[in-house]
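Enquirer: Modelling step: build the complete structure from the supplied sequences, incorporating the hints.
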Amino acid sequence: YAAKVTWVDHGFGEILAALAATGLDRNTAIVFTADHGTNLGERGGFGKTQIVNEQEAHVPLMIHLPGGPVGRSAAFVQPQDISATVLGIAGVAKPEAWVGHDLLPVAASAGDGPRDLALAGHAVVSWRDDPGQAFFSVFDREWYLNLAADPAACRLYRYGSVEDVAAAHPDVVGRLR
-16 YAAKVTWVDH GFGEILAALA ATGLDRNTAI VFTADHGTNL GERGGFGKTQ
34 IVNEQEAHVP LMIHLPGGPV GRSAAFVQPQ DISATVLGIA GVAKPEAWVG
84 HDLLPVAASA GDGPRDLALA GHAVVSWRDD PGQAFFSVFD REWYLNLAAD
134 PAACRLYRYG SVEDVAAAHP DVVGRLR
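Our numbering puts the sequence shown at residues -16 to 160.
These are computed hints drawn from the structure, not numbers from a lab. Hints are not guaranteed to be accurate.
Unchecked claim - Lysine to aspartate or glutamate pairs mimicking DMTMM-like chemistry, simulated, CA-CA at most 20 angstroms apart:
1. Lys(-13) - Glu25
2. Lys(-13) - Asp18
3. Lys(-13) - Glu39
4. Lys(-13) - Glu(-3)
On a predicted model such as this, the values are computed, not experimentally measured, just so you know.
Expert: Dropping the structure here:
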């Protein structure tokens, strides 16, 4: 894993150096992200798992615009926000039916963004008639819930922990369900 991160860091540095050497850094927007994170043995597995956990959902997203806002944002970002943001950078209005949000106004305001929750996982059809199977995850600013059709089968985690605390926090489970 460390070797992969080092390799990506090196390659990204070469791209930035080439933009600077050609002067394109003065008029080029850069969006850097990943499709998913990876588990490193936290729950006994490596890589991507059936249900989305914190390690898979929390991925880097960096946006650089020459002369644009600088800083960090606590906004929840969903994949559809990236395309809406790229359209915003290009000065093109997103189609009205899109549910994505342009992230640049959020960054400029240093706000938390338009979402209170982030969602990740499979479609309802992945239940496969097993109400105890978690198939979807709901994330808020402190917790994430592995959602199952059977409320008793839901698993609740506080960020940074691998301990299921659903039984101790039925109010949080109910709110996120």
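Enquirer: Decide, hint by hint, whether the structure agrees.
Expert: Consistency of the hints with the structure:
{"no.": "1", "hint": "Lys(-13) - Glu25", "in the structure": "holds (19 angstroms)"}
{"no.": "2", "hint": "Lys(-13) - Asp18", "in the structure": "holds (15 angstroms)"}
{"no.": "3", "hint": "Lys(-13) - Glu39", "in the structure": "holds (16 angstroms)"}
{"no.": "4", "hint": "Lys(-13) - Glu(-3)", "in the structure": "holds (15 angstroms)"}
Checked against the numbered hints above, the structure violates none of them.
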